[in-house]
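Colleague: Sequence order for the protein chains is L and E. Numbering follows the numbering used here, in which position 190 of the first sequence is assigned residue number 190; successive positions increment by one, without gaps. Numbering follows the numbering used here, in which position 152 of the second sequence is assigned residue number 473; successive positions increment by one, without gaps.
Just so you know, the hints here were simulated from the structure itself, not pulled from any lab data. From the three backbone atoms N, C-alpha and C, an ideal C-beta is built for every residue, glycine too. One or more of the hints may lead you astray.
[To be verified] With a straight-line cut-off of 35 Å between C-alpha atoms, the simulated DSBU-like cross-links for lysine-lysine are:
| hint | chain 1 | residue 1 | chain 2 | residue 2 |
| --- | --- | --- | --- | --- |
| 1 | L | K118 | L | K49 |
| 2 | L | K253 | L | K163 |
| 3 | L | K249 | E | K508 |
| 4 | E | K508 | L | K104 |
| 5 | E | K334 | L | K247 |
| 6 | L | K253 | E | K508 |
| 7 | L | K59 | E | K334 |
| 8 | L | K162 | E | K451 |
| 9 | L | K319 | E | K334 |
| 10 | L | K171 | L | K49 |
| 11 | E | K334 | L | K73 |
| 12 | L | K65 | L | K182 |
| 13 | L | K49 | E | K334 |
| 14 | L | K64 | L | K297 |
| 15 | E | K508 | L | K171 |
| 16 | L | K297 | E | K334 |
| 17 | L | K318 | L | K104 |
| 18 | L | K59 | L | K169 |
| 19 | E | K334 | L | K249 |
| 20 | L | K73 | L | K119 |
| 21 | L | K119 | E | K334 |
| 22 | L | K49 | L | K119 |
| 23 | E | K451 | L | K49 |
| 24 | L | K253 | L | K59 |
| 25 | L | K104 | L | K171 |
| 26 | L | K73 | L | K118 |
| 27 | E | K334 | L | K318 |
| 28 | L | K65 | L | K162 |
| 29 | L | K169 | L | K73 |
| 30 | E | K334 | L | K182 |
| 31 | L | K253 | L | K318 |
[Stated by the list, open to error] Far from chain L by the CB rule (all over 12 Å, computed), these chain E residues:
| hint | residue |
| --- | --- |
| 32 | D326 |
| 33 | I336 |
| 34 | G355 |
| 35 | L362 |
| 36 | G425 |
| 37 | R452 |
| 38 | F454 |
| 39 | I455 |
| 40 | F459 |
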Amino acid sequence: MLIKPASDIRSSEITPRALYLNRREFIRATTGTAMAVAAGAIGGEAMLKAAPPAAHGRKLENIKKSPFSADEKPNTWDHITTYNNYYEFGTDKDSPAMLSRSFKTEPWSVVVDGECNKKATWNLEDILKGQTLEDRIYRHRCVEAWSMVIPWVGFPLADFIKKCEPTGKAKYVEFTTLYDPKQMPGVRQPVLRWPYVEGLRLDEAMHPLTILTVGLYGEVVPPQNGAPLRLAVPWKYGFKHIKSIVKIKFTEKQPLNTWQESAPQEYGFYSNVNPTVDHPRWSQATERRIGEFLRRKTLMFNGYGDQVASMYAGMDLKKNY
Amino acid sequence: MRIPDRVVRFLFKPIVFAASLGPLAWIVWAALTGNLSPNPLSDITNETGVWTLRFLCITLAITPLRIITGWNAAIRFRRMTGLFAFFYGTLHFLIYAIADRFAGLDFTNGMFTLATARNLAASVGEDIYKRPFITVGFTAWCTMLPLAFTSTAGMIRRLGGRRWNLLHRLVYLTATLGVVHYYWLVKADVRRPVTYGIVVGVLLAVRVVRAWQRSGTPSMAAARRAPAP
């Protein structure tokens with residue numbers, strides 16, 4: 001006789017066959033998706049390939065030498081035009097070199113607005129009319145702890161600001177980069193809030209070291225470096241050097257710059273190069289000069305302390321990072 | 322799918338092994354031919370890190386692959402891909418130590434001295450202690466150490482299959498920490514680390530669903546627990 005043990009599993013506890021098969025299906029579907037996504041992620045990123053340097057552009061004429069130039073060997077044209085942070089053209093270092101090649105910089109106009117007497121829309125040619133251009137070899141320190149020496153060509157921002165006649169209310173200058181999704185594939189992604197905005201205190205903007213840049217190595221500045229008009233403030237981190245400027249506005253209140261808006265605990269308004277104030281995620285004490293193996297000690301105000309430190313006398317630079 | 326043992330051992334395995342060395346060969350080739358960016362040390366650090374994560378994903382994908390295709394021989398490649406994850410992770414850590422830490426030391430008494438070794442250890446230690454994303458990355462690498470150490474057949478035998486399996490679930494932690502490390506490293510564009518997060522998440526979810534499926538199926542164990550009449 002066959003003795004069959006009574007089952008303690010009620011029939012209601014037994015997973016119905018249909019549901020059981022559904023789970024199988026579910027596992028198959030999810031794993032299938034996972035494999036597909038994995039394959040995409042694994043194969044989809046750019047292969048290692050050096051970006052081609054920028055084509056050489058028109059030579060700029062009548063460039064004056066400047067006592068503000070650093071006495072250091074500049075990085076090469078190839079270095080400077082293939083290693084760029086210009087998120088409007090993608091977030092990889094080589095994306096701007098590859099995706100900005102057909103960027104149109106002519107005609108170009110700049111809107112001047114805010115607390116000033118001469119609100120106007122300027123053509124770039126008019127901004128440059130009668131303006132002496134200078135060679136300015138500047139140390140350039142990125143917040144990511146790498147640096148270059150770059151032979152910019154430009155002119156003091158102060159020269160242009162004077163033409164705009166800021167009023168007594170103007171305490172800050174706010175700059176805006178072009179926003180053009182047709183030409184700038186990077187802005188189609190909400191990586192940052194577009195358009196890119198930067199700002200300076202008026203005295204910083206008027207400082208003789210602060211220049212509007214139109215050239216590199218004596219030639220018209222290439223798109224990946226911020227053509228046709230970009231800022232250079234060599235004692236501040238690279239992201240303050242706003243590119244492809246289309247608007248300059250004088251304000252009473254401190255502008256909210258894009259990186260500060262994106263991560264206020266990591267990027268401040270001042271962003272002066274400071275080896276004693278670390279980025280929360282990495283050290284700012286040393287930097288890699290592009291082209292070198294050993295890291296250099298980062299200098300206070302990027303080595304421009306003699307000229308600019310007095311502007312920050314009495315300020316807590318740990319708080320005002 | 323029945324593939325003879327000899328074919329797996331003498332054909333497939335060498336092919337997978339050679340292919341797994343491909344990324345390293347590619348990086349070395351790119352470095353020698355000037356196909357890296359002007360900051361090659363940063364490229365090499367990033368590439369070896371990303372390949373660590375990719376090999377972890379491949380390793381974690383083997384069980385789901387078996388579920389989908391029923392091709393159980395796939396498991397025979399898992400040790401190799403896992404060890405390659407460890408290999409690329411170790412390269413990643415060494416390159417970071419050299420390019421980021423060693424290159425930033427003071428060499429007052431010359432470069433290759435005992436003081437340099439001490440300073441390097443201190444500098445790496447301080448960085449691991451100070452920066453959360455380095456802490457997490459280093460922890461991820463550490464979790465691979467016991468797995469690499471117990472990857473031999475002898476160690477599997479010594480530990481016993483059940484304990485060995487339990488220990489090797491540590492790889493779930495490795496992959497998760499790897500993704501967090503990547504996520505904390507990037508400045509604003511989190512699309513790539515998030516993609517890896519989704520991949521790892523789904524691969525781990527497969528395990529959860531499978532465990533749920535097993536618990537939901539009336540098992541022999543439950544039947545055996547039935548009281549005698």
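Colleague: Determine for every hint whether it applies to the structure shown.
Modeller: Going down the list of hints, with the structure as the test:
1. K118(L) with K49(L): violated, 48 Å
2. K253(L) with K163(L): Holds, because 21 Å separates the two Cα atoms, which is no more than 35 Å.
3. K249(L) with K508(E): Answer holds: K249(L) to K508(E) is near 27 Å, not above 35 Å.
4. K508(E) with K104(L): Cα-Cα ~28 Å, so holds.
5. K334(E) with K247(L): violated, 61 Å
6. K253(L) with K508(E): Cα-Cα ~27 Å, so holds.
7. K59(L) with K334(E): violated, 58 Å
8. K162(L) with K451(E): violated, 47 Å
9. K319(L) with K334(E): violated, 57 Å
10. K171(L) with K49(L): Since the Cα atoms of K171(L) and K49(L) sit roughly 46 Å apart, the hinted pair is violated (cutoff 35 Å).
11. K334(E) with K73(L): violated, 51 Å
12. K65(L) with K182(L): violated, 38 Å
13. K49(L) with K334(E): It holds: about 29 Å lies between the C-alpha atoms, which stays within 35 Å.
14. K64(L) with K297(L): Measuring from Cα to Cα gives roughly 31 Å; hence the hint holds.
15. K508(E) with K171(L): Status holds; Cα separation ~30 Å.
16. K297(L) with K334(E): Measuring from Cα to Cα gives roughly 48 Å; hence the hint is violated.
17. K318(L) with K104(L): violated, 41 Å
18. K59(L) with K169(L): violated, 40 Å
19. K334(E) with K249(L): violated, 64 Å
20. K73(L) with K119(L): Between K73(L) and K119(L) the Cα gap is close to 41 Å, so the pair fails against 35 Å, i.e. violated.
21. K119(L) with K334(E): Violated, at roughly 72 Å.
22. K49(L) with K119(L): With a Cα-Cα distance of about 46 Å, the restraint between K49(L) and K119(L) is violated, given a limit of 35 Å.
23. K451(E) with K49(L): holds, 34 Å
24. K253(L) with K59(L): violated, 39 Å
25. K104(L) with K171(L): holds, 33 Å
26. K73(L) with K118(L): Given pair K73(L), K118(L) is violated - Cα atoms ~40 Å apart, limit 35 Å.
27. K334(E) with K318(L): violated, 56 Å
28. K65(L) with K162(L): holds, 22 Å
29. K169(L) with K73(L): The given pair, whose Cα atoms are some 42 Å apart, is violated under the 35 Å limit.
30. K334(E) with K182(L): violated, 48 Å
31. K253(L) with K318(L): holds, 21 Å
32. D326: holds, 25 Å
33. I336: With a cut-off of 12 Å, I336(E) remains clear of chain L, as the shortest Cβ separation is near 17 Å.
34. G355: violated, 6 Å
35. L362: violated, 7 Å
36. G425: violated, 4 Å
37. R452: violated, 6 Å
38. F454: The claim breaks: F454(E) does not keep its Cβ more than 12 Å from every Cβ of chain L (closest is about 6 Å).
39. I455: About 9 Å separates I455(E) from the closest Cβ of chain L, which leaves it inside 12 Å; violated.
40. F459: At about 14 Å from chain L, F459(E) clears the 12 Å cut-off, so the statement holds.
Violated hints for the displayed structure, listed by number in ascending order: 1, 5, 7, 8, 9, 10, 11, 12, 16, 17, 18, 19, 20, 21, 22, 24, 26, 27, 29, 30, 34, 35, 36, 37, 38, 39.
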